[in-house]
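In my numbering, the protein residues as written are 130 to 361.
Any given hint could turn out to be false.
Claimed, not checked - Here are the computed distance ranges between Cβ atoms for each label pair:
| id | residue 1 | residue 2 | range |
| --- | --- | --- | --- |
| 1 | Ala318 | Asp203 | 20 to 28 angstroms |
| 2 | Thr192 | Gln273 | 25 to 33 angstroms |
| 3 | Phe248 | Arg280 | 43 to 51 angstroms |
| 4 | Val312 | Leu269 | 48 to 56 angstroms |
| 5 | Gln200 | Leu360 | 14 to 22 angstroms |
| 6 | Leu360 | Gly175 | 16 to 24 angstroms |
Honestly, the hints are just simulated from the structure, not real lab data. Model, not experiment: these values are computed from the prediction. Even for Gly, the Cβ is constructed at its ideal location relative to N, Cα and C.
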Amino acid sequence: MQGSSTPAAPVAGHGAAHGQSNGIPEGILGHHFESLQQQNEAVRMGMWLFLATEILLFAGLFTAYAYYRFQFPDGFAQASRHVDLWAGTLNTFVLITSSLSVALAIHYARTDRRRLAVFCLAATLVMGLAFLGVKSLEYLHKFQEGALPGRYYHFEEVQEPGAPMYFTIYFLSTGLHAIHVIVGMTVLAVLMVKTARGRFSSRYYTGLELGGLYWHLVDLIWIFLYPLLYLI
């Protein structure tokens with residue numbers, strides 16, 4: 130009989146909003162979304178749009194680098210020989226490894242291995258601190274040499290025209306990237322705490338996935354900065 134039929138199961142997203150379905154933590158689903166799937170699609174699209182604006186931001190610096198390198202090829206070539214190649218190479222290794230640890234954290238969260246996910250996120254934060262530490266030593270060396278941006282430049286070993294502009298772009302691009310590293314570390318630290326509290330699991334891990342995506346962008350930008358500033 131129709132009156133005795135089994136009630137329809139609640140939509141996964143609405144059940145998640147009240148902690149009633151699939152074990153998804155309470156408060157995941159926004160009130161303006163009909164389902165968790167719809168919300169996930171929306172936040173992923175928003176994240177990709179945000180990352181596109183970040184790429185445009187650094188594209189401006191890359192364009193300035195290309196223009197001024199064409200204008201001052203000798204000055205840029207000589208100045209680039211006085212950056213700390215060991216620091217750039219070490220930081221490249223650190224960031225690539227940190228991308229792996231973030232990917233592993235997402236994998237472990239998806240497979241309900243919470244402790245391993247938290248450990249990988251903590252390892253990523255340690256590597257982020259290592260990156261900033263190496264960059265601080267590199268900056269200190271440049272301050273001691275006088276290889277500073279613009280009118281503050283007084284590095285006696287390189288007096289070619291364009292050298293001050295090289296170090297202006299160097300500090301702008303690496304400094305802006307360092308700010309992104311700090312932001313990414315802050316995001317990952319919050320996600321690590323939430324992961325430890327059981328927020329992310331095989332049933333829901335979108336927030337962790339988006340945080341990892343941002344960290345991958347930070348690494349990708351460095352992959353472009355490293356050859357431009359240290360190798361070419």
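Worksheet item: Are Ala318 and Asp203 spaced within 20 to 28 angstroms by their CB atoms?
Response: violated, 44 angstroms
Item to complete: State, for the Cβ atoms of Gln200 and Leu360, whether the hinted interval 14 to 22 angstroms holds or is violated.
Response: holds, 20 angstroms
Worksheet entry | Val312 versus Leu269 beta-carbon gap, inside 48 to 56 angstroms or not | violated, 23 angstroms
Discussion item. Assuming the hint says 43 to 51 angstroms, is it satisfied by the Cβ distance from Phe248 to Arg280 or not?
Written reply: The hint (43 to 51 angstroms, Cβ to Cβ) holds, given that Phe248 and Arg280 are roughly 47 angstroms apart.
Practice prompt. Return holds or violated for the Cβ distance of Thr192 and Gln273 against the range 25 to 33 angstroms.
Written response: holds, 31 angstroms
Worksheet item: That 16 to 24 angstroms hint for Leu360 and Gly175 (C-beta), does it hold up?
Response: violated, 35 angstroms
Checked against the numbered hints listed earlier, the structure breaks hints 1, 4 and 6; every other hint is satisfied.
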